[in-house]
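S.K.: Taken in sequence, the protein lines are chains A and B. For reference, each letter of the first sequence is one residue, going 1 to 314 in the numbering used here. For reference, each letter of the second sequence is one residue, going 315 to 851 in the numbering used here.
These aren't lab readings, by the way, just hints derived from the structure by calculation. Values in this document were obtained by computation on a predicted structure and should not be read as measured data. Take these hints with a grain of salt, some might be off.
Computed spacing ranges between beta-carbons, pair by pair [stated by the list, open to error]: (1) B:Q735 to A:A108: 34 to 42 Å; (2) B:P344 to A:A108: 36 to 44 Å; (3) A:G102 to B:A550: 27 to 35 Å; (4) A:K71 to B:K378: 47 to 55 Å; (5) B:Q593 to A:N65: 37 to 45 Å.
The C-beta atom is built at its ideal place from N, Cα and C for all residues, glycine as well.
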Amino acid sequence: MMFKPIRFIPDDTTIPFMRFARFGFYISMVLCVVSIGLFFVRGLNYGIDFKGGTLIEIKTQAPANLSDLRKRIGSLGLGDTELQSFGQPNDVLIRIEAQNGGDAAQQAAVDKVKAALPKGIDYRRIEVVGPKVSGELARDGTIAVVVAIIGVLIYVWFRFEWQFAFGAVASLIHDVTLTIGLFSILRISFDLSIIAAILTIVGYSLNDTVVVFDRFRENLRRYKQKPLDEIIDLSLNQTLPRTIMTSLSTMVALLALYIFGGEVIAGFTFAMIWGVVVGTYSSIFIAAPVLIFLGARIGTTTDDGKAEAAKARP
Amino acid sequence: MLHFSKWKAGTILAIVFFGFLLALPNVLSPKVRAYIPPFLPSTPVTLGLDLRGGSYVLLEVDKKDLTDQLARQLIGDIRQTLRENKIRRYSGLGRSADGGVNVRITETADIEKAYTALKTLSRPVSTGFFGSGTQSPEFALTRDGNLIHFAFTEAGLNARIGKAIEQSLVIIGKRINALGTTEPTIQRQGVDRIVVQVPGLQDPDQIKRILGQTAKLEFRLLCNSQPTAANQQPPAECEALPDQKDPKRIYWVQTSSAASVDGADLTDAQPGFDSRTNQPIVNFRFNQNGAVRFGRLTQANVGRPFAIVLDNKVVSAPRINEPILGGSGQISGHFSVQEAKDLAIVLRSGALPAKLNIVEERTVGPSLGSDSIRSGLIACIIGVIGVFVYMLISYALFGIFANIALIANLIMLVGVLSTLQATLTLPGIAGIVLTMGMAVDSNVLVFERIREEVRNGRTPLNAIETGFKTAFATILDANLTTLIAAVVLFGMGSGPIRGFAVTLAIGIITTVFTAYTLTRLIIAWWVQWTRPKMIPL
Chain A
1 MMFKPIRFIP
11 DDTTIPFMRF
21 ARFGFYISMV
31 LCVVSIGLFF
41 VRGLNYGIDF
51 KGGTLIEIKT
61 QAPANLSDLR
71 KRIGSLGLGD
81 TELQSFGQPN
91 DVLIRIEAQN
101 GGDAAQQAAV
111 DKVKAALPKG
121 IDYRRIEVVG
131 PKVSGELARD
141 GTIAVVVAII
151 GVLIYVWFRF
161 EWQFAFGAVA
171 SLIHDVTLTI
181 GLFSILRISF
191 DLSIIAAILT
201 IVGYSLNDTV
211 VVFDRFRENL
221 RRYKQKPLDE
231 IIDLSLNQTL
241 PRTIMTSLST
251 MVALLALYIF
261 GGEVIAGFTF
271 AMIWGVVVGT
281 YSSIFIAAPV
291 LIFLGARIGT
301 TTDDGKAEAA
311 KARP
Chain B
315 MLHFSKWKAG
325 TILAIVFFGF
335 LLALPNVLSP
345 KVRAYIPPFL
355 PSTPVTLGLD
365 LRGGSYVLLE
375 VDKKDLTDQL
385 ARQLIGDIRQ
395 TLRENKIRRY
405 SGLGRSADGG
415 VNVRITETAD
425 IEKAYTALKT
435 LSRPVSTGFF
445 GSGTQSPEFA
455 LTRDGNLIHF
465 AFTEAGLNAR
475 IGKAIEQSLV
485 IIGKRINALG
495 TTEPTIQRQG
505 VDRIVVQVPG
515 LQDPDQIKRI
525 LGQTAKLEFR
535 LLCNSQPTAA
545 NQQPPAECEA
555 LPDQKDPKRI
565 YWVQTSSAAS
575 VDGADLTDAQ
585 PGFDSRTNQP
595 IVNFRFNQNG
605 AVRFGRLTQA
615 NVGRPFAIVL
625 DNKVVSAPRI
635 NEPILGGSGQ
645 ISGHFSVQEA
655 KDLAIVLRSG
665 ALPAKLNIVE
675 ERTVGPSLGS
685 DSIRSGLIAC
695 IIGVIGVFVY
705 MLISYALFGI
715 FANIALIANL
725 IMLVGVLSTL
735 QATLTLPGIA
745 GIVLTMGMAV
755 DSNVLVFERI
765 REEVRNGRTP
775 LNAIETGFKT
785 AFATILDANL
795 TTLIAAVVLF
805 GMGSGPIRGF
815 AVTLAIGIIT
825 TVFTAYTLTR
835 LIIAWWVQWT
845 RPKMIPL
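Generate the whole structure from the sequences, applying the supplied hints.
M.R.: The following block contains the structure:
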């Protein structure tokens with residue numbers, strides 16, 4: 001063989017995850033409550049997708065003179081406007097709040113900005129979202145996340161037992177809540193692509209949870225007499241090398257996207273990176289403890305216990 | 315598990331090869347692609363608007379404008395019906411507070427007759443889906459003493475909106491095609507919306523100029539008196555219309571149909587230059603009907619000024635120097651060359667049946683598009699290399715196996731995307747990179763399981779077999795759940811987000827396929843050739 005593989009995680013770890021689980025569970029509860037509080041008190045920095053308004057990305061020939069640009073646009077009376085440089089010094093993002101007076105006023109605002117800015121500017125991106133459409137997008141986004149979670153609930157219920165479904169959904173809600181909390185703290189623009197990221201996080205986190213569950217179910221059948229928390233610890237330790245491997249490889253891909261993928265998808269990749277971290281954490285410290293809490297047992301938990309037990313035999 | 319019959323191995327390789335074939339057009343230049351025989355795939359991936367640059371515009375029928383139009387029409391119809399039935403004494407014919415139309419019949423004796431006659435105005439519209447034949451009236455008529463009230467019904471309005479959308483689709487198609495861009499798409503969305511997507515425009519404002527106007531053209535006589543100060547009330551049978559370039563300048567224009575000619579009878583409009591002033595103008599020609607009416611109007615009013623009115627704004631108000639009998643004329647209005655061109659396009663394509671509002675617009679300039687392609691590609695290459703190196707370090711020989719499967723996976727993903735003509739967007743590229751990161755998961759699951767089985771004391775061959783068998787259920791479960799998220803995403807998303815959902819979903823399918831077949835086949839061959847005593851994991 002050319003060279004030996006390098007192990008990042010030693011074999012046969014016996015980390016007593018469930019001893020930390022109580023601790024982790026409480027921390028998560030606090031973080032979730034804080035996130036929900038932040039969402040209601042501080043709110044999210046909604047992008048134009050959900051709030052309506054205009055976004056213009058420009059590239060100036062020389063490094064942008066932000067204060068001059070701000071003065072030009074500020075005098076137009078378009079309400080709340082926001083200028084922000086990003087990437088290179090000649091890249092500027094202009095945000096204009098939704099205008100009173102319907103869709104025509106929105107379009108007029110873009111024309112006004114264009115007339116006020118100096119010549120020779122490259123308009124790289126213009127997005128205008130009317131109030132009606134933004135309301136619909138917000139509604140559709142919320143529905144999508146809820147539908148995805150319900151879909152998952154049903155799938156896991158069919159494939160496993162109801163306790164597993166609850167565990168999976170608890171960890172998903174945890175991930176979504178913490179993601180929203182983070183976006184509330186950091187004031188990163190929350191737009192349609194973040195909803196896409198949240199749904200992908202749901203998929204990823206679940207992927208992780210299902211792998212742990214699969215192993216847990218297998219061990220449940222093998223060690224019928226062992227206490228539940230020991231079986232869970234065993235399962236988590238057995239799957240730990242895979243968990244770390246996959247998280248790291250996904251992280252490698254995401255970091256490449258975050259660093260080289262450009263400004264347009266930076267918010268999206270940032271949310272995903274966060275999602276991989278919380279998704280991995282939640283399968284260990286949320287989904288698994290919920291199983292103990294609900295007392296998951298193959299065959300003893302459902303009414304038709306005999307049928308389940310028969311099915312469970314390998 | 316590790317035994318592959320010859321035809322089974324052949325099938326797997328054939329599928330992978332076929333995937334390569336589907337992906338091949340992407341690396342060929344358009345010239346070379348032209349030589350591909352028709353039985354072979356020749357379509358590359360379709361790039362989304364965010365990558366090639368272009369405009370996405372969502373238009374919505376202006377309901378208020380449409381009801382106003384309907385009400386105007388209805389008022390005319392009511393007037394005519396009452397005249398036909400010789401009911402001359404009525405008052406208050408006009409809009410009611412709730413948006414409908416009112417008329418008060420003066421003579422109580424006439425009411426019954428008027429009501430019966432007016433009732434025939436409400437034509438039934440079919441409201442059932444797929445023409446199932448449910449009919450409901452266009453207006454609801456109610457009577458309160460001498461007052462007859464017309465209310466527009468939901469069904470009547472929706473039928474009108476549907477018709478307006480259908481006509482608009484055709485007209486917008488004509489307008490956009492006149493721009494000479496490639497592959498525009500114009501689709502109806504929902505009840506009252508139209509999505510227009512035009513890739514690769516150099517001047518995105520043009521599309522808004524062209525879609526934003528109804529292009530209702532009228533030639534109308536000016537009133538004898540004109541305003542002398544701001545905010546004056548126009549005299550009877552006149553209305554105040556602003557100048558197109560200078561909204562503060564107001565013209566009083568006659569409202570009677572006898573004093574106007576509609577632009578609906580135009581057959582052609584072309585941009586040109588005035589031979590004397592060299593100003594850009596638009597030359598137009600009427601059809602037979604329009605030519606006769608226009609001739610009659612100009613003949614009767616030589617020496618008087620008339621207004622050329624576009625979407626209720628006065629473009630210019632020239633004097634009629636001589637009767638225009640040939641049915642052709644010109645419009646001048648201090649246009650720029652581009653404005654004259656655009657005006658000619660919209661006039662040629664015909665007026666939209668109702669005003670369309672731009673409710674959402676997303677435009678990506680060509681420079682950002684190409685930047686996004688570049689940064690997306692760089693991120694993709696670096697991401698894949700990163701994952702490669704990581705797998706190689708972690709699994710050595712088996713890492714190479716996984717990487718071969720990963721390349722095959724990537725190429726097949728691109729191949730399927732090309733064949734399905736799915737649109738590749740920037741989030742879609744992110745989806746590909748993410749798939750690469752997550753695709754190794756299936757290999758990791760198998761490899762870790764094999765390691766475990768070896769350490770549990772199984773022979774190499776046995777360990778590999780058990781590893782694949784037990785890991786596969788997990789792989790399927792794990793990927794199906796992500797597929798649920800991808801499907802939901804596809805259902806809700808539009809444009810770029812949908813592109814992400816598509817690559818994610820296809821990526822999951824190709825991942826499960828390569829993990830279960832290709833990786834297994836490669837390892838089976840390796841086992842056959844080397845008869846390993848131990849597994850290098």
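S.K.: Can you name, in rising order, the numbers of the hints this structure does not satisfy?
M.R.: Violated hint (a single one): 4; every other hint is consistent with the structure.
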